[in-house]
Each structure stands twice: as structure tokens, then as C-alpha cells.
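Participant: Now for the letters of each chain:
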Amino acid sequence: MESKRASFEGALKALGVTVTATTESELEAAVTEAITEPAVGVALDDSVGSEAVSLAETPVTVDPTPVELREATTGVTSAQLGVGDYGSLVLTMTEQASELVSLFVERHVAILHEADIQPDMDTAIAELDERFNETGESAILATGPSATADMGALVKGAHGPKDVHVILVEEAE
Amino acid sequence: MSKADELRELMRTEGAAIAQNTQGFNDGRYDSVADLEDYEDLKSQARAIKEDAIADLPELLDQLTETVEANGGTVYIADDAADANDYIRNVVADRDADRVVKSKSMTSEEIEVNDALEADGVDVVETDLGEWVLQVADEAPSHIVAPAIHKSRESIAELFNERFDPEEPLETAEELTHFAREKLGEQIIDAQVGITGANFVTADTGTMALVTSEGNARKTVAATDTHVAVAGVEKIIPTVEDLHPFVELIGRSGTGQDITSYVSLLTPPVDTPVVDFTDDETPLSEFDNDREFHLVLIDNGRLDMREDDDLRETLYCIRCSACSNSCANFQSVGGHAFGGETYSGGIATGWEAGIEGLDTAAEFNDLCTGCTRCVNACPVGIDIPWINTVVRDRINRDKDTPGDWLVDGLTPDQEDGGAPLQKRFFGNFETIAKLGSATAPVSNWLADTSVSRQAMERVLGIDPRRDLPTFERETLVEWFETRESQVEDPDRRAVLYPDLYTNHVQVDRGKAAVKVLEALGVDVVVPPTASSGRAPLSQGMVATATDHAERVVDALAPHIDDGRDVVVVEPSDHAMFTREYERLLNDRAFTDLAENSYEVFEYVYGLLDNGADVGALSTVEGGEIAYHSHCQQRTLGLEAHTVAVLEDCGYDVTTSDVECCGMAGSFGYKSDYYELSMDVGDRLRTQLREDGVEERPVVASGTSCLEQIDALLERQPRHPIELLAE
Ligand code: SF4
Numbered sequence: 001m002e003s004k005r006a007s008f009e010g011a012l013k014a015l016g017v018t019v020t021a022t023t024e025s026e027l028e029a030a031v032t033e034a035i036t037e038p039a040v041g042v043a044l045d046d047s048v049g050s051e052a053v054s055l056a057e058t059p060v061t062v063d064p065t066p067v068e069l070r071e072a073t074t075g076v077t078s079a080q081l082g083v084g085d086y087g088s089l090v091l092t093m094t095e096q097a098s099e100l101v102s103l104f105v106e107r108h109v110a111i112l113h114e115a116d117i118q119p120d121m122d123t124a125i126a127e128l129d130e131r132f133n134e135t136g137e138s139a140i141l142a143t144g145p146s147a148t149a150d151m152g153a154l155v156k157g158a159h160g161p162k163d164v165h166v167i168l169v170e171e172a173e
Numbered sequence: 174m175s176k177a178d179e180l181r182e183l184m185r186t187e188g189a190a191i192a193q194n195t196q197g198f199n200d201g202r203y204d205s206v207a208d209l210e211d212y213e214d215l216k217s218q219a220r221a222i223k224e225d226a227i228a229d230l231p232e233l234l235d236q237l238t239e240t241v242e243a244n245g246g247t248v249y250i251a252d253d254a255a256d257a258n259d260y261i262r263n264v265v266a267d268r269d270a271d272r273v274v275k276s277k278s279m280t281s282e283e284i285e286v287n288d289a290l291e292a293d294g295v296d297v298v299e300t301d302l303g304e305w306v307l308q309v310a311d312e313a314p315s316h317i318v319a320p321a322i323h324k325s326r327e328s329i330a331e332l333f334n335e336r337f338d339p340e341e342p343l344e345t346a347e348e349l350t351h352f353a354r355e356k357l358g359e360q361i362i363d364a365q366v367g368i369t370g371a372n373f374v375t376a377d378t379g380t381m382a383l384v385t386s387e388g389n390a391r392k393t394v395a396a397t398d399t400h401v402a403v404a405g406v407e408k409i410i411p412t413v414e415d416l417h418p419f420v421e422l423i424g425r426s427g428t429g430q431d432i433t434s435y436v437s438l439l440t441p442p443v444d445t446p447v448v449d450f451t452d453d454e455t456p457l458s459e460f461d462n463d464r465e466f467h468l469v470l471i472d473n474g475r476l477d478m479r480e481d482d483d484l485r486e487t488l489y490c491i492r493c494s495a496c497s498n499s500c501a502n503f504q505s506v507g508g509h510a511f512g513g514e515t516y517s518g519g520i521a522t523g524w525e526a527g528i529e530g531l532d533t534a535a536e537f538n539d540l541c542t543g544c545t546r547c548v549n550a551c552p553v554g555i556d557i558p559w560i561n562t563v564v565r566d567r568i569n570r571d572k573d574t575p576g577d578w579l580v581d582g583l584t585p586d587q588e589d590g591g592a593p594l595q596k597r598f599f600g601n602f603e604t605i606a607k608l609g610s611a612t613a614p615v616s617n618w619l620a621d622t623s624v625s626r627q628a629m630e631r632v633l634g635i636d637p638r639r640d641l642p643t644f645e646r647e648t649l650v651e652w653f654e655t656r657e658s659q660v661e662d663p664d665r666r667a668v669l670y671p672d673l674y675t676n677h678v679q680v681d682r683g684k685a686a687v688k689v690l691e692a693l694g695v696d697v698v699v700p701p702t703a704s705s706g707r708a709p710l711s712q713g714m715v716a717t718a719t720d721h722a723e724r725v726v727d728a729l730a731p732h733i734d735d736g737r738d739v740v741v742v743e744p745s746d747h748a749m750f751t752r753e754y755e756r757l758l759n760d761r762a763f764t765d766l767a768e769n770s771y772e773v774f775e776y777v778y779g780l781l782d783n784g785a786d787v788g789a790l791s792t793v794e795g796g797e798i799a800y801h802s803h804c805q806q807r808t809l810g811l812e813a814h815t816v817a818v819l820e821d822c823g824y825d826v827t828t829s830d831v832e833c834c835g836m837a838g839s840f841g842y843k844s845d846y847y848e849l850s851m852d853v854g855d856r857l858r859t860q861l862r863e864d865g866v867e868e869r870p871v872v873a874s875g876t877s878c879l880e881q882i883d884a885l886l887e888r889q890p891r892h893p894i895e896l897l898a899e
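Going down the list, the sequences are from chains A and B.
Counting in the numbering used here, the first sequence runs from 1 upward without gaps.
Counting in the numbering used here, the second sequence runs from 174 upward without gaps.
Hints are computed from structural coordinates only; laboratory data are not their basis.
Hints may be right or wrong, so weigh each one.
[What the hints assert, rightly or not] The following label-pair restraints were derived from C-beta to C-beta distances:
no., chain 1, residue 1, chain 2, residue 2, range
1, A, Ala115, B, Glu863, 47 to 55 Å
2, B, Glu239, A, Pro119, 29 to 37 Å
3, A, Thr23, B, Thr186, 34 to 42 Å
4, B, Ala243, A, Glu130, 12 to 20 Å
[What the hints assert, rightly or not] Okay, the calculated bits of chain A under chain B, using three or more residues with CB under 8 Å as the criterion:
no., region
5, 63-73
6, 116-128
Just so it is clear, CB atoms sit at the ideal spot from N, CA and C, and this is done for glycine as well.
If we strip away everything but chain A, and leave its shape as in the complex, we get (with noise of 0.2 Å):
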């Protein structure tokens, strides 16, 4: 059976979503490249569950006014979950405005955890079911970047980015 990191990267490719790997430490590293300034972004410590990694290094503006958030061009958030047979991404709604960070921009640039990877749609919405019961918080399955058709053909990039590029954290070896 293909893993769910091959099917969720497939699933991405699909959708025009680009993909970068890398570790913990090469992380800022990874960021750097993957954005287009000017970038805004969100402290990674509570999502990505470690001190070590920030956007310190990196030419991303951690929780800008609004209007640097208006004038970026790059948005970068950390991804709760990521669902392999779909390629969507799951996104939080936190008190540091992430769901701003991810929609307010052209391009949007998650960080997702490797092991945060759920085979298919029914895992990862039991998943949800499990942390909205426990936390009554809220998500955002995101697929591919937004898009409109409504104008006579496909447009991407309607309200929301019209660029996704996923930066997986592999395990440490």
C-alpha cells in the first residue's frame, strides 16, 4: 500500500500545491526559501510543540500589524493535520490570527508535522470530531488554493491565496 506521506504528496501535486521536505533544524532555512517577501507569519512554538523552532532567522514579520498583514505577500502558519488521500490541509483558528496569516495573502505557506499526516477524510474527521468535543474549537479543511470558475474559467486565487506550497517536517532521525 502506498504510505500516506506518498499519497497525501500525490494529492498535493494534483492540485498544484508545491511540496518541500525538511528537519527541525533546517526549518528556517526551508521557510526562507519557500516565501516571497514581504512575509508574514505565525509563532510556530505551540503548534509545532518546540522551543527550538521559530521564525527568528527567517525575513518573516511573526504577528504583524494589519496592515503589514494587507501589504505581505506571503503568509506562513503552521498545519494542524494534513490528509493523504485528499492532499487538504487542516487549519487552526488561533487567538494569534492564523486564519488571517493563511487567507489574507497571495501565498500561503504551511508547515506541517509529518506524523500529522491521517491516511484518508474519515480518520482525519474522527480525528476533529475527538478535539471539537473535548476543545469546541474550529478548523479549516483546506484543499489546494482558493479558486473561482464563476467568471466564465477557472481562476485560482478568488478571495483567498492563489499559491499553496506545503514545508513537511520529517522525524528526526
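Based on these hints, arrange chain B with the ligand on the given structure of chain A.
Facilitator: Same frame as chain A, but now just chain B with the ligand:
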């Protein structure tokens, strides 16, 4: 404007864009669900969840109310549109809002909240790009998922260039989209209140699911501090986990996307800070997230629909639009003809009858021909044609019965005396066929004179451009009566059902069927029976159809008890026996007949599969043929049998894949619908004229398909059974 004029005008102005878009969605659906391993399983899960949720609706409403309030939101259950609008106007007034942004929602179309708010001087902005185009153009939606489906890129460009006078005229889809994004983006961040719909709301956590591809719903919620979600009460499901089948099915069923870009699962009020977008000093996380959330759940007739055994299923609908996209008539005219005040497409009759009333439903109900192509497309398995039939019946009964009908002798039953004359004419076709055969050839000659054609047009609305069926003097039953069984030591015994057409009009295909069955070792009888009731059913005359069903069972049951199989030539009659009769007969009578009935090629396929010798039939080598199956036959999964048997007999078969020939029995005869019927037929004609198909003789299974193809092509079509009996 007459109905025919109105339809012609829509076909001319909107038809091309609608055909292209709906067919694209429909093809996408076939491709996308084909990739889904457990498609049927997901559909039955989805169906079961909705069935239970509607059954438990009162309890779920209570549970949801508690949950949302515990989360810090408010729930308001509105009786009707006015009640809902009053509540929403108060919320907007309390917030002191001068701008409301909206994310597309059918339910808010239903209550016309925009008008209510605008009357208070509030600026209401639709953020879905298609919906916004319509707002700018001041037009009504023509599709439940893609509201501006009837507008071409050129017409949108013209509209924008005229209205907004941009420095550089807009032209490409990309330019138009980005222009709209800019304009709307500014307005969204300026608004105070966001209104959204909700595709599903879960009672356990108060989470609402919003399915969009543009991201406008996300922005509408995130950029405003007051969120009003408007949804019908039927949108509640028990748990977050129950969302699973719907998330997999909704986009695939509608637009053919595996999943739409964003499925927002919001448990409001959400944590996202409310920011001032002009602030260039305060970091985002330092804004607070004081948010208000109001869930407005609307009854507006739904709780009565829940009590109504026939309309209840409408509440299972998830508004995916598969029934619209798979509908041949909708593909031609779209929702401006095939729709009511709010809802359009196949299921719209159910919604409009429940929400607005029979009058609104009556305006377009006849556009459903009962072809059943939407039945398998619907992810929650709603029998949409049945809902349309029941509503048609109610509309018939609702009408006053004028005193003396010209041809009252045509309606032996009193019960359906309410149906208009045209409907009674087509609904009682059995009487006409009997009369026609008895008096042929005089009847055929008479029917063909210009005087009677004019009378038929004037009195019955039968289009003079349509050829009428020619009745045979000797019916199939009469032919068979004088015949001895040709099979000595039969392998099986069958009764060939003499449907109305095979018995009176296409007698040759009946004779061919008898010959084929006998050649394969089947002892056949062709007893006199009633017609299936398809004709009255299609006119919404349910009581008359039930009467036919009972008479059919009376005639056939003794043969079945005697060990005979029932073989049916006409697919729409076979579909009656195996589908619609379930609604008309008691369980036993239905099951006995359904389980012992076979479409003629399904039966031949079974015989060959069980060892009968194909050599007993007329075979060819590599004979090229084009085959058009029948809508109801395809819905029942029976197209493949004909193809397989023809291939066994040496044919190289090409099949059509348009949804319908457009004729659908009486529909194509009616002056109101003749041109629409031909427009739908044109898609079939195009396929039958393609390279490599053009030279092939055409065979078709359905009577009405044969008539339509006869009208569309030079090549005279035949029933495939006739090939096997040559
Ligand atoms: S009736 Fe079925 S197919 Fe039609 S919109 Fe509703 S859910 Fe979709």
C-alpha cells in the same frame, strides 16, 4: 408570453452557457465518483444520517440550542421569512452596522434578507463572485450551486465595463476575477456584520460546516465581529463525525470536484482576533476576539414537510445540484425556467411546494419528465421524480374541474377528473390506443388530416410538427392468440408483457421478441393485460396509475404463480414494475412482480449466460451499430445487458452517453415543450452524427427514444431485439 416562447427565449439567450457549464459539472461528477471506492456505501451512510436526523429533529434542535448557547452564541428559531428577517434586522441595528457582507446562501435567498436590510438603509454586499455578478446585474440565480451559470464571460465583462468603467477594459476571466476580488476585499474589511449560510450544523458541538471554493465565507466570518448564520432547520446532524460522508460527496456530486477548496468547520464564536485593517501599530494577536454569533434556524414550512410522507425526503437534500446538472431539460433551459422563487432543478418542486406552495411549484413542475437520471446522481438517494409526480398530482387536484370536458369519455376514472384535459388525454393513452387499433387504418388517416391536427393542437396542445404514432390493426395479443407454442420441451416459461406500444404500435418488435425467446427455448404467452400506468403517472394521475398497477398484477400474478417469468420490452414499463410500483402496490404484490420481471435484453443475457446457444439467434460478423439506451433502463443499470448481447451476436457497438433523448413519452408531443424536446434531442443527434458513428444503423430500447431518433435522423431506428430475430 406563452410557455413555449419563454423557453425558446431562454434557450436562445442563456442556453449555450447553461449547457456548457451543467454538462461540465455532470461529466465531472461521473469522473469524480468513479474514483471513489466506496461511493455507494458513502451514499447510504449519508442517506441514513439524514433520515435519522429528520426523524429526531425536535430533539436535535433542543440539543443544538443548548450547545450553541453554552459556546456563547444565540439560537433563534424563526417560523417564517418575516420572522427571520425581523430578528436579523435587529441584530444588524443593535450592532449599528451600515454594511453587511454575505456569503452565498440559498436560505437567505429564500427569506430575501437583502431586501429587508436594504429597506433599513444597510448596504448588503454579496461576496461570492457569481452571486455578486448577479447583484450588480440585478438578476436572479439560475442554479443552486453556481448562481451565475447562465452568464458568459463576455456578458460579465460587458456588465463590469459598463458599470464600473475601469481604466483598462476588463476582458479575461482572470482580470474579471481579480477586479472583483479587489473590490469585494475592500468592502469585506469595512463591514461589521457577516451573514453566511450553513451546509450542516452538528448538534454535539455546535459546529457548522460551510463549503466554498473562493474563501469568501472565511473572510466574511473573520473580518467582521458579528456573525449571523442562516439555515433551514433541516441542516442539523447529530455529530461532527457524521460530516464525513458529506464532505466526501458534496463537491463530487455537484461540480465534480473531489472536494471544494475550503470546508470551514466553525464552532462560533471563533478565536480569530477582530482587527482594524487600517492599524499599522498593533500586532494581530493583541486585538481581542470579542465576537457575537447568532444562529437563525428557519422553519418556513419545513416542519410541515417533515410530517408529509411524500415531501419529507426533500429535507434530506444537501443542495449539491447533481439533480440539476444531470437533468437533460435543465441542461437546456437552466434555473430561470426550471425553478421557482428560490430553488431550481429537479428537487426544486419539492422545496417550492413545501416553502412557497403549489402555485409556485406548478410553474415549472412539468419540466420534470420522470426520466430518473437524477435518481442515482443524488447523494442522499432521494426519489426526486416521485416527489415531482406527487406534487403534479396535487396541482391537478387543486385546479377546479371545468364542467363538461370535450372528451370526457377518455377519463373512465372519476378520481383524476381534476387533471387538465391535456393531461387526461396523455394519461389515458390506453383508451386511445385501443380505439386507434380497432379503427385502423381509418384512425391513422384521420389523425393525419390537417383538420384534426389543428383540433389536436387547439384542444390538446399537441404540436403539429410531431408525427403521431401509427396504430396497427392487428395487435400483438391478437396476433399471438392464433398461434401455437413453438417450443416443445421448454427450458423456461415466460409471459411477454404486451405494453401499450408494443401491442398497438410497434407490433413488429413484439413479434421479434417472441421469436427470440422461442429460439432460445422459452415457452411464451402473450395474454391481454392492462397498460402499466406509466402514461397516467407521468401526468401526475396517481390514482389512475394505481388502478392500472392493480389490473396488471391481477393479469400477471396467475402466470407468475404458474412459474412464468415476466419479460418486458418497453424499459419504462419495466421500470414501473421494478421501481414505481413500490409506491402504488402493497409490498407482496410489488415484490412478486418486481422479482420476476426482466427487461427483454436482461432476460436474453441471462438465458445466454445459463447456456442457451447464441447460434440460435441471428448473428453477424463485426456489424457496426449505434445503440441508444433508455433513461430509466440506465438508471436501473440495464444498459450493459443489451450491449453485451449485441456483442455476443457479433456487433461492434457504440453507445450514446447523453442523459436523455428529450422525448420522454408525452413530453415531446406537447406544443409547450416541443422545441425544448428537440433542443435536448440535438445533443443525441450530434453524438449519432459523429465520425465513426454516422454510418452506423441505430437501435434504441425505448418507444419514445425511437420516435425522437426518427424525428432527429435520416436513419430509421429500430428496437435491438429486431436485429436478433432477422
Ligand atoms: S435532491 Fe439530491 S441531487 Fe438534488 S440537490 Fe438535493 S441532494 Fe443534490
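Participant: Now, for every hint given, state plainly whether the structure supports it.
Facilitator: Evaluated hints:
no.: 1; hint: Ala115/A <-> Glu863/B: 47 to 55 Å; result: holds (52 Å)
no.: 2; hint: Glu239/B <-> Pro119/A: 29 to 37 Å; result: holds (34 Å)
no.: 3; hint: Thr23/A <-> Thr186/B: 34 to 42 Å; result: violated (60 Å)
no.: 4; hint: Ala243/B <-> Glu130/A: 12 to 20 Å; result: holds (18 Å)
no.: 5; hint: 63-73; result: holds (count 8)
no.: 6; hint: 116-128; result: holds (count 5)
Of the numbered hints given earlier, the model fails hint 3 alone.
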